[in-house]
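S.K.: Single-letter residue listing:
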Amino acid sequence: MTDLTSPAPLHEPGPPPEPPPAATEAAEERPKGTASQRSLVWWRFKQHRLAMAGLIVTGFIYLVAVFAGFLAPFSSSTFNADYTYAPPQRLHIVDRSGGDWDWGLFVHGYRSVVDDETLELTFEIDESQKIDVGLFVKGDEYEIFGLIPWDRHLIGPTNPDDPMYLLGGTRTGHDLLSRMIHGTTVSMSIGLVGVAMAFVLGVTLGGVSGYVGGKTDLAIQRLVEFFMSVPSIPLWLGLAAALPPDWGSMQRYFAITTILAVIAWTDLARVVRGRFLSLRNEEFVTSARLDGSSRRRVIFRHMMPSFSSHLIASVTLSIPGMILAETSLSFLGLGLQAPVVSWGVLLQDAQNIRAMATAPWLLLPGLCVIVAVLALNFVGDGLRDAADPYKR
Amino acid sequence: MTAPILVVRNLHVRFPVKRGFFGRTVGHVRAVDGVDLTIRPGETLGLVGESGCGKTTLGRSIARIITPTSGEILYRDAAGADVDLATAPNYELRELQRQVRVVFQDPFSSLNPRMTLLQIVGEPLRNHGVATGSELEDRVAGMLQRVGLSPKYLHRYPHAFSGGERQRVNIARALILEPRLVIADEPVSALDVSVRAQILNLLRDLQDEFGLTYLFISHDLSVVESVCDRVAVMYLGRLVEVADTGDLYTRPRHPYTEALLSAVPRPDPRLRDSGRRIRLADDLPDPADPPPGCTFHTRCRYAVAGTCDVPGGAPVLAQTAHGHRAACLRTNELDLAGIEPDPV
Ligand SMILES: Nc1ncnc2c1ncn2[C@@H]1O[C@H](COP(=O)(O)OP(=O)(O)OP(=O)(O)O)[C@@H](O)[C@H]1O
Ligand code: SF4
Ligand SMILES: [Mg+2]
Numbered sequence: 001m002t003d004l005t006s007p008a009p010l011h012e013p014g015p016p017p018e019p020p021p022a023a024t025e026a027a028e029e030r031p032k033g034t035a036s037q038r039s040l041v042w043w044r045f046k047q048h049r050l051a052m053a054g055l056i057v058t059g060f061i062y063l064v065a066v067f068a069g070f071l072a073p074f075s076s077s078t079f080n081a082d083y084t085y086a087p088p089q090r091l092h093i094v095d096r097s098g099g100d101w102d103w104g105l106f107v108h109g110y111r112s113v114v115d116d117e118t119l120e121l122t123f124e125i126d127e128s129q130k131i132d133v134g135l136f137v138k139g140d141e142y143e144i145f146g147l148i149p150w151d152r153h154l155i156g157p158t159n160p161d162d163p164m165y166l167l168g169g170t171r172t173g174h175d176l177l178s179r180m181i182h183g184t185t186v187s188m189s190i191g192l193v194g195v196a197m198a199f200v201l202g203v204t205l206g207g208v209s210g211y212v213g214g215k216t217d218l219a220i221q222r223l224v225e226f227f228m229s230v231p232s233i234p235l236w237l238g239l240a241a242a243l244p245p246d247w248g249s250m251q252r253y254f255a256i257t258t259i260l261a262v263i264a265w266t267d268l269a270r271v272v273r274g275r276f277l278s279l280r281n282e283e284f285v286t287s288a289r290l291d292g293s294s295r296r297r298v299i300f301r302h303m304m305p306s307f308s309s310h311l312i313a314s315v316t317l318s319i320p321g322m323i324l325a326e327t328s329l330s331f332l333g334l335g336l337q338a339p340v341v342s343w344g345v346l347l348q349d350a351q352n353i354r355a356m357a358t359a360p361w362l363l364l365p366g367l368c369v370i371v372a373v374l375a376l377n378f379v380g381d382g383l384r385d386a387a388d389p390y391k392r
Numbered sequence: 001m002t003a004p005i006l007v008v009r010n011l012h013v014r015f016p017v018k019r020g021f022f023g024r025t026v027g028h029v030r031a032v033d034g035v036d037l038t039i040r041p042g043e044t045l046g047l048v049g050e051s052g053c054g055k056t057t058l059g060r061s062i063a064r065i066i067t068p069t070s071g072e073i074l075y076r077d078a079a080g081a082d083v084d085l086a087t088a089p090n091y092e093l094r095e096l097q098r099q100v101r102v103v104f105q106d107p108f109s110s111l112n113p114r115m116t117l118l119q120i121v122g123e124p125l126r127n128h129g130v131a132t133g134s135e136l137e138d139r140v141a142g143m144l145q146r147v148g149l150s151p152k153y154l155h156r157y158p159h160a161f162s163g164g165e166r167q168r169v170n171i172a173r174a175l176i177l178e179p180r181l182v183i184a185d186e187p188v189s190a191l192d193v194s195v196r197a198q199i200l201n202l203l204r205d206l207q208d209e210f211g212l213t214y215l216f217i218s219h220d221l222s223v224v225e226s227v228c229d230r231v232a233v234m235y236l237g238r239l240v241e242v243a244d245t246g247d248l249y250t251r252p253r254h255p256y257t258e259a260l261l262s263a264v265p266r267p268d269p270r271l272r273d274s275g276r277r278i279r280l281a282d283d284l285p286d287p288a289d290p291p292p293g294c295t296f297h298t299r300c301r302y303a304v305a306g307t308c309d310v311p312g313g314a315p316v317l318a319q320t321a322h323g324h325r326a327a328c329l330r331t332n333e334l335d336l337a338g339i340e341p342d343p344v
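Chains as they are written, first to last, in UniProt numbering: chain A, 1 to 392; chain B, 1 to 344.
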């Protein structure tokens with residue numbers, strides 16, 4: 001056997017065999033030569049302003065979701081039935097009522113007014129009352145990451161029994177701001193958990209479909225088409241309505257997530273299958289097989305990495321769909337139910353036109369949905385555009 | 001004469017043609033239709049022909065990227081034993097594919113953009129358990145240097161390199177397992193003319209150094225002339241002529257070869273007479289439904305009705321002179337024009 005690859009040329013200084021001078025210099029100039037695909041994708045992503053903005057907003061929303069207990073002034077179950085539909089209070093930082101500048105956070109209290117015509121009880125801001133507000137105040141107990149118990153809140157009334165409704169109160173006298181923050185955890189995590197389930201289903205079935213091909217592919221494709229052809233809203237409604245009413249909130253949460261995932265996996269399966277089909281005959285994959293790579297190594301080491309960024313983009317783009325679906329279901333009363341709060345559950349309060357007229361702030365959870373969905377869409381679009389750094 | 005390193009016997013490769021919703025098979029493309037071919041150790045055998053004539057399919061069958069429909073591909077391994085590549089089971093194939101390697105045409109799609117040169121060129125060593133760790137790195141560095149790339153590039157990704165450099169990487173990957181037979185499928189046709197000569201020189205140097213045997217697939221007869229010892233001409237899945245390069249170029253014995261040669265550019269103005277070029281009708285017959293008799297008769301300017309198009313009367317590759325074989329019924333009656341050896 002000839003010793004083709006003896007390391008001898010390395011140690012022997014001798015004349016390098018036939019150096020291609022032009023080519024060598026050309027490669028020298030390119031600084032990105034050692035940049036991995038990941039850093040190239042990141043570099044391209046950063047060029048995309050909207051996507052960066054989306055990423056920052058998304059990051060912020062997930063931070064809120066994680067630290068909801070600390071950020072929310074009250075727990076999600078705290079309410080004061082005396083203050084239904086309390087209007088939003090303005091947070092003041094300086095009190096000039098005494099003539100001089102008195103620094104410190106405070107809000108004004110409420111006084112109740114009875115409407116002359118309807119005899120309805122409403123609340124007005126009472127400028128004569130002053131409720132002191134503090135940072136890092138003691139309040140309701142909660143657990144950080146569901147583990148470490150704590151009772152400090154970023155912001156809250158110094159006396160926990162004082163009313164503080166920075167974004168207004170709900171029909172039941174809950175603080176809307178607190179509930180929205182707690183709803184963030186539920187709504188955003190449903191997106192993640194649901195997509196994780198859809199991902200496992202989609203990648204497995206799509207991968208098998210694309211790599212094995214033949215009859216298996218045919219069967220899986222018909223399954224995908226079946227799920228795609230079923231109108232999703234009636235299917236959700238049907239499945240959600242079929243959930244036993246006596247299930248606890250945790251069971252319901254996972255049931256709803258599963259229902260959403262069952263419908264969302266089809267898109268991912270298509271993406272993955274398409275990638276596998278197009279890669280299967282790509283020369284570098286053929287080369288990998290000829291180089292003696294095992295089938296597993298061909299799939300996971302050679303094929304998967306070349307579309308992982310596309311996969312991440314697809315996954316990111318399917319999270320907003322999940323969030324919207326959960327919101328719609330809960331809004332219709334078929335999804336999550338109290339005491340669990342999600343944005344959709346909060347929006348149930350906004351179903352009533354009269355309530356909306358007197359308390360328009362109840363629509364704010366809808367704004368959260370819009371912001372979250374847009375931000376995630378921007379991130380997904382940016383990722384999709386950056387996913388193929390070698391194109392162009 | 002030394003024993004051949006590879007003998008292909010009556011090789012057929014058929015691809016089903018599927019139509020309609022249920023993917024019914026309505027026919028077969030006979031991409032390779034009864035090929036007999038011999039490759040001698042140390043030589044460079046050129047395989048030429050128009051696009052779609054089955055060159056790649058033949059090459060891929062030998063590398064067993066595709067499994068042939070029927071026929072034999074007898075490979076004589078280093079120990080002198082014959083193995084049939086066409087039917088070798090997977091566990092044997094893995095070992096055989098160390099000795100028979102492929103250089104692909106497209107330098108862009110054949111390198112995984114997610115892997116560094118070290119990973120790409122080192123992959124065969126790793127998979128076959130030949131070397132690991134720093135030994136693997138040393139060997140890859142040595143190989144890169146041998147193909148004219150600095151070992152500095154070990155940790156770079158392919159996107160930083162030009163087509164010519166990438167093709168060097170491909171060659172390094174093919175050779176790192178110390179193969180005996182290399183199938184080069186149009187290794188330079190995707191490259192700029194300026195770097196072609198460099199790559200061809202490199203292939204030639206490596207052949208001398210490591211005693212390689214090449215099956216060199218190309219549709220460019222000028223390139224083939226400069227690198228090949230012998231040439232096989234393929235038409236519609238069959239070989240129509242096989243001869244030593246010089247012999248084939250100066251005295252072709254098949255009308256198809258004559259037509260191909262007439263299109264080879266010659267820089268010498270005295271040879272550049274406009275009437276030389278033989279125009280072939282553009283339409284290659286459907287390989288799923290080849291013409292009866294001599295498959296070339298639909299385009300052959302020497303075709304005689306009643307002789308060349310008789311069903312079942314297809315010409316076979318027959319000896320016309322020493323070491324020269326052609327598949328034409330009228331080869332002895334015809335006086336076909338070749339071209340002078342390239343003056344360069
Ligand atoms: N996987 C396949 N499935 C079906 N038909 C195929 C397949 N691969 C090749 N063919 C057909 O077989 C014939 C020969 O193709 P092949 O790629 O071997 O030709 P070629 O001589 O290499 O052409 P080129 O010069 O364009 O590379 C063509 O008609 C082609 O359409
Ligand atoms: S057999 Fe007839 S058709 Fe075929 S190449 Fe010869 S002359 Fe032409
Ligand atoms: Mg080809």
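If you're looking for bench data, these hints aren't it; they were derived computationally from the structure.
Wrong hints could be hidden among the right ones.
To be verified - Covered by chain B, per the in silico footprint, the following chain A stretches (three or more residues, Cβ under 8 Å):
no. : stretch
1   : 75-82
2   : 274-284
3   : 301-310
Given the structure is predicted, the values throughout are model-derived calculations rather than measurements.
Idealized CB from N, CA, C, for every residue including glycine.
S.K.: Compare the structure with each hint and give your call.
M.R.: Right, here's what the structure says about each hint:
| no. | hint | verdict |
| --- | --- | --- |
| 1 | 75-82 | violated (count 0) |
| 2 | 274-284 | holds (count 3) |
| 3 | 301-310 | holds (count 3) |
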